[in-house]
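Using the sequences and the accompanying hints, generate a full structural model.
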Amino acid sequence: MEGDHHPLPSSSAAPFGYVTLFLLRPFLAVSFVLSFILLGWILAWKLVLVHVPLVQEIFGLRKKHFKPKPPHRHRYSKYYSSIGARDRVDDSRVNSSPS
Numbered sequence: 001m002e003g004d005h006h007p008l009p010s011s012s013a014a015p016f017g018y019v020t021l022f023l024l025r026p027f028l029a030v031s032f033v034l035s036f037i038l039l040g041w042i043l044a045w046k047l048v049l050v051h052v053p054l055v056q057e058i059f060g061l062r063k064k065h066f067k068p069k070p071p072h073r074h075r076y077s078k079y080y081s082s083i084g085a086r087d088r089v090d091d092s093r094v095n096s097s098p099s
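Numbering-wise (the working numbering), the sequence shown opens with residue 1 and increments by one.
Keep in mind that a hint or two might mislead.
Only pairs whose alpha carbons sit at most 25 Å apart, straight line, appear in this in silico SDA-like list of lysine to any residue [unchecked claim]: (1) K46 / S31; (2) K67 / K46; (3) K46 / H65; (4) K46 / Q56; (5) K46 / I58; (6) K67 / S82; (7) K67 / S77; (8) K67 / L54; (9) K78 / H65; (10) K46 / F32; (11) K69 / L54; (12) K69 / V50; (13) K69 / Q56.
To be clear, the hints were calculated from the coordinates, so they are not data collected in a lab.
As structure tokens, this is what we get:
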């Protein structure tokens, strides 16, 4: 009885066994891995990546809005130039005052 047991399939089913072994199993394995990667990408996209501004800009999900610059922009330079003007006025008063 033990001698009758063959680990390989019979000769009529052998071609189907090789097709399964060399074509169907690798195809199923690759499709499983790709579907797993696709599912991970979809979850990451829906949960995280949609909210990242750089990704939104790359994929055109959000239009970049340009705000017009305010007319009174150079506040710091005006402030420091006004301080310089006050210093010059103070210096001219000190130099022109009688001693």
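Here is how each hint holds up against the structure:
no.: 1; hint: K46 / S31; verdict: holds (22 Å)
no.: 2; hint: K67 / K46; verdict: violated (29 Å)
no.: 3; hint: K46 / H65; verdict: holds (24 Å)
no.: 4; hint: K46 / Q56; verdict: holds (12 Å)
no.: 5; hint: K46 / I58; verdict: holds (16 Å)
no.: 6; hint: K67 / S82; verdict: violated (28 Å)
no.: 7; hint: K67 / S77; verdict: holds (22 Å)
no.: 8; hint: K67 / L54; verdict: holds (19 Å)
no.: 9; hint: K78 / H65; verdict: violated (28 Å)
no.: 10; hint: K46 / F32; verdict: holds (21 Å)
no.: 11; hint: K69 / L54; verdict: holds (23 Å)
no.: 12; hint: K69 / V50; verdict: violated (29 Å)
no.: 13; hint: K69 / Q56; verdict: holds (24 Å)
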